[in-house]
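Protein sequences appear in the order of chains L and A.
Position one of the first sequence corresponds to residue 1 (our numbering), numbered consecutively onward.
Position one of the second sequence corresponds to residue 481 (our numbering), numbered consecutively onward.
It is worth saying that the hints were derived from the structure and are not from the lab.
One or more of the hints may lead you astray.
List of simulated lysine-lysine pairs, PhoX-like, C-alpha gap at most 20 Å [as the list claims (entries may be wrong)]:
hint : chain 1 : residue 1 : chain 2 : residue 2
1    : A       : LYS665    : A       : LYS724
2    : A       : LYS653    : L       : LYS160
3    : L       : LYS160    : A       : LYS650
4    : L       : LYS188    : L       : LYS255
5    : A       : LYS757    : L       : LYS160
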Amino acid sequence: MKFSTMLARSARTLAVAALAVPVFAQDPAGGEGQAGGAAGADATKKDEGEWFAVVNGDVYSGTGAVLRGATVLARGGVIRKIGHDLEIPADAKVLDAQGLRIYPGLVALNARGIASRFGGGEFADTFDPYSQNLVLALAAGITTVSDSGVAVKLKRREVKGVVVRERYQSTLSYSSAAPRGKSELDAKFEAAARYLRDYRDWEEQKKTNKDLKEPAARGVDPTIRSILENRSMARFNAANRSDLLGIARLAQKYKFRPIIEGALEGWTVADELGRAGAYAVVVPRARRDKSEELLRDGGSSIENAAILHRSGVQVAIQATSTFIDLGGIAGRDVLHLPIEAGFAVRGGLPEQAAIEGITIVPARILGVEHRIGSIEVGKDCDLILLDGDLLHYQALVQYTVVDGKLVYEKDKELYYAHIRPRPAAQPTDAPEARRDKGEEKPADDDTPTEGGDEKPEGKPAETPEDKPKDGAADEAVDEG
Amino acid sequence: MRLNSLLLSLVPAALASSAFAFDLQAIRVGRAETVSHGVIEHAVVLVEDGRIVAVGPDLPIERGIPVVDRPEWTVMPGLVLPYSRLGLDGRAGADFTPEVSPSPEILPRAEEYEEVLSYGITTLGLYPPGNGVPGQAVAIRPKGETLEEMRIKEGAYLKVYFRADARSKKTVKDAWAKVDEHDEKVAKAKEKWTKDQKGKGAKTEEKKDEAKPDEKKDEKAADAKGADSKAKEFVPPAADPKVKPFLRVRDGKMLPLVSISSAADWAHWLDAIGERKFDFALRVVMQRELDLYEVHDEIVKRKCMLVMEPELSYTTATMRQRNLPAEFANAGNKVVLIPRGEDLASHETWRADVGEMVKNGMKREDALKSMTVHAAALMGLDKDYGTLEKGKVANLLFLNGDPLEPGTKVVAVMLDGAFVHGEVRQ
Chain L
1 MKFSTMLARS
11 ARTLAVAALA
21 VPVFAQDPAG
31 GEGQAGGAAG
41 ADATKKDEGE
51 WFAVVNGDVY
61 SGTGAVLRGA
71 TVLARGGVIR
81 KIGHDLEIPA
91 DAKVLDAQGL
101 RIYPGLVALN
111 ARGIASRFGG
121 GEFADTFDPY
131 SQNLVLALAA
141 GITTVSDSGV
151 AVKLKRREVK
161 GVVVRERYQS
171 TLSYSSAAPR
181 GKSELDAKFE
191 AAARYLRDYR
201 DWEEQKKTNK
211 DLKEPAARGV
221 DPTIRSILEN
231 RSMARFNAAN
241 RSDLLGIARL
251 AQKYKFRPII
261 EGALEGWTVA
271 DELGRAGAYA
281 VVVPRARRDK
291 SEELLRDGGS
301 SIENAAILHR
311 SGVQVAIQAT
321 STFIDLGGIA
331 GRDVLHLPIE
341 AGFAVRGGLP
351 EQAAIEGITI
361 VPARILGVEH
371 RIGSIEVGKD
381 CDLILLDGDL
391 LHYQALVQYT
401 VVDGKLVYEK
411 DKELYYAHIR
421 PRPAAQPTDA
431 PEARRDKGEE
441 KPADDDTPTE
451 GGDEKPEGKP
461 AETPEDKPKD
471 GAADEAVDEG
Chain A
481 MRLNSLLLSL
491 VPAALASSAF
501 AFDLQAIRVG
511 RAETVSHGVI
521 EHAVVLVEDG
531 RIVAVGPDLP
541 IERGIPVVDR
551 PEWTVMPGLV
561 LPYSRLGLDG
571 RAGADFTPEV
581 SPSPEILPRA
591 EEYEEVLSYG
601 ITTLGLYPPG
611 NGVPGQAVAI
621 RPKGETLEEM
631 RIKEGAYLKV
641 YFRADARSKK
651 TVKDAWAKVD
661 EHDEKVAKAK
671 EKWTKDQKGK
681 GAKTEEKKDE
691 AKPDEKKDEK
701 AADAKGADSK
711 AKEFVPPAAD
721 PKVKPFLRVR
731 DGKMLPLVSI
741 SSAADWAHWL
751 DAIGERKFDF
761 ALRVVMQREL
771 DLYEVHDEIV
781 KRKCMLVMEP
791 ELSYTTATMR
801 QRNLPAEFAN
811 AGNKVVLIPR
821 GEDLASHETW
831 RADVGEMVKN
841 GMKREDALKS
851 MTVHAAALMG
861 LDKDYGTLEK
871 GKVANLLFLN
881 GDPLEPGTKV
891 VAVMLDGAFV
901 HGEVRQ
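Construct all of the structure, not just a fragment, from the sequences and the given hints.
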């Protein structure tokens with residue numbers, strides 16, 4: 001079968017091409033071009049497992065590309081093909097996404113109480129694949145969480161392979177509130193950098209002078225060394241302008257990319273953070289007053305995420321509460337990541353950057369971007385299907401797919417089934433019927449009538465009108 | 481009637497052969513819950529030497545045999561409670577001590593045993609305390625002056641406490657790794673032994689270099705020749721006492737009883753045992769919300785015996801009540817129901833509590849088995865205990881009505897053929 005061959009080019013290029021020339025994208029010739037050429041890297045992937053296909057949906061790949069009415073085909077939990085007119089194997093499980101948008105599964109940083117009841121690492125041994133919190137998270141579109149720094153895939157009814165990557169961040173403190181710690185960290189970085197420099201010199205000179213002694217690694221902080229060698233990432237928790245500035249300069253000096261959580265006043269030093277190549281994990285709805293002792297800019301800003309993004313900072317978005325909060329601050333908990341991201345959009349963050357802030361950027365922070373965070377060939381088939389714009393408050397996750405398996409169906413679970421139920425879907429079980437339909441599809445797909453049918457569900461056009469009203473009320477509460 | 485003729489032929493024989501002819505006794509009751517063969521009205525149970533000799537409706541009773549004639553009584557097999565800490569008060573941590581038995585903890589003549597005997601519990605399975613793998617259960621009869629008198633069977637089952645955590649999983653994996661280690665040791669020893677045998681037996685054939693693939697053939701050859709040279713049987717190296725119980729588990733000689741409390745525990749237990757094939761029973765701690773229905777099909781597929789309290793639970797996050805014991809029993813799993821608590825009162829209301837499950841969808845037959853023959857099966861004792869059948873131990877429970885009704889009282893209890901409770905006039 002053709003399906004064993006993999007895409008040579010990345011889906012991103014293809015997707016962009018498809019965007020630019022939508023007519024050609026549906027051309028059978030284009031489809032063939034996609035299928036051609038097995039890439040060596042992909043050939044090593046397991047060529048086994050169940051086929052799974054999502055058909056007829058609008059694929060928002062998370063890379064900026066959108067493929068309307070396209071098919072995502074996965075095998076063994078890995079996306080094998082994305083495009084139009086794909087031949088779907090007869091034994092594939094097929095999910096009809098007619099009228100739905102397909103996004104990559106969301107990545108929730110620092111989420112607690114989802115990956116296991118008690119937390120505390122060791123998720124391979126404690127992951128609860130049947131918990132209600134897990135279902136709630138899947139219903140919120142979250143397919144990967146990090147808890148205690150460990151990236152955990154939210155598999156349902158399975159415990160194998162849930163840990164995607166063990167913790168590889170090192171939490172550091174670099175604050176003017178603790179000047180001694182600050183200078184100590186400076187010294188550690190200096191020592192580690194000197195050692196690495198000496199080591200490189202030694203390696204170079206060793207070729208000519210064999211008697212040269214290897215520089216001693218004693219006294220070199222292993223954590224700092226791993227950061228400088230890119231084996232782990234430095235993670236800071238900082239909100240103040242001065243602390244952020246300090247971290248940015250430290251990072252620039254020693255050439256590492258810091259992860260900064262909080263970064264409330266990041267907008268005031270965004271250019272410095274951008275130059276440091278920082279990642280910022282922000283809570284767009286977090287608020288803080290300016291310190292009146294200082295003349296400079298300060299305090300929180302609704303534009304924080306937007307300004308950081310504009311300055312080249314990779315912005316990840318996190319909710320106020322990292323738990324599932326059904327009382328108290330419900331609506332600002334981990335289940336409302338897209339709404340949180342929506343607030344950053346209100347402050348000027350491009351929608352695409354907001355989506356990346358809850359998908360690929362947190363995936364990068366966790367070091368799992370090669371598997372998670374966007375819909376691309378070769379990546380894990382973690383998809384969420386919504387009845388509208390991901391960032392729209394009305395959109396609900398209808399289906400969640402993790403590793404090529406359907407793990408959440410809104411209509412079949414307790415929580416949201418009764419809210420705006422979708423009309424019964426056409427049965428698409430018979431593969432024959434499916435293929436026949438597929439052949440006819442390309443002609444119909446872009447006709448306005450079809451799109452018009454989808455509108456009432458999606459309502460993407462209404463988003464900007466609806467939002468200010470809702471948001472204004474929210475902000476008034478925040479500030480008052 | 482077949483039973484009749486059998487009885488007639490059997491009784492004189494018994495009378496003639498036995499020096500203690502008076503051992504034979506008959507009990508005629510209104511109703512017998514045989515558990516194995518349904519209900520017999522106007523039943524006669526014939527007991528001799530502590531065993532049931534015959535059960536049947538309206539059996540004629542030879543003259544001279546003492547008869548207890550109580551048409552208002554119902555008889556059923558004595559209750560078997562396989563999962564109990566009754567009369568024991570030891571505490572322990574989370575150790576790996578599979579070799580331990582709770583026997584040393586047992587105090588014969590403890591009040592509790594007499595008390596539960598009067599409730600009709602004629603067999604108890606006592607397990608050692610602690611998490612991890614605390615040891616093996618011992619089956620006892622709750623009456624006796626000494627431990628020896630009470631003890632029925634050591635190593636009734638292996639208690640395993642399992643929760644979805646790193647420690648539990650490591651314990652299980654390590655235990656089986658040790659089994660593999662032992663197996664390897666045995667294989668090596670056997671290879672060596674085979675070689676030695678060959679060396680002794682067949683000097684003409686020099687096959688010493690031949691290795692494993694032909695091991696079996698060599699063995700046979702060695703056996704044949706070994707006979708001449710009076711070679712001994714191969715004796716495998718002794719297993720570590722901590723490995724032995726798991727060897728018994730692997731060989732199907734003992735069930736591990738794995739305590740879990742959620743579907744997640746089940747998932748991680750399966751993950752921990754991997755591809756290994758062995759039977760195990762589940763001890764499920766009943767709670768108000770128990771998501772075990774999530775893995776119902778898997779548990780049914782594996783035909784696991786389940787030990788649970790007779791309690792209803794709810795579908796998680798809802799008020800939808802469900803009867804998990806009935807769900808599993810109806811699917812064909814053997815379900816053992818135990819008293820709801822460790823207090824004596826729970827033991828007294830045990831039958832009625834199980835009756836509650838029948839009112840909520842459990843089959844009556846399954847409910848009766850859950851307290852008798854299934855419970856015995858958990859301990860590998862179902863050949864001798866748990867039903868009213870010929871050849872089984874005469875542990876009988878006499879009641880003044882339906883055993884599953886709350887008002888029904890115990891009127892007499894027979895243990896090993898002797899009345900130990902109730903006023904019985906012959």
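Right, here's what the structure says about each hint:
no. : hint                : verdict
1   : A:LYS665 / A:LYS724 : holds (14 Å)
2   : A:LYS653 / L:LYS160 : holds (15 Å)
3   : L:LYS160 / A:LYS650 : holds (15 Å)
4   : L:LYS188 / L:LYS255 : holds (14 Å)
5   : A:LYS757 / L:LYS160 : holds (19 Å)
Of the hints listed earlier, there is not a single one the structure fails to meet.
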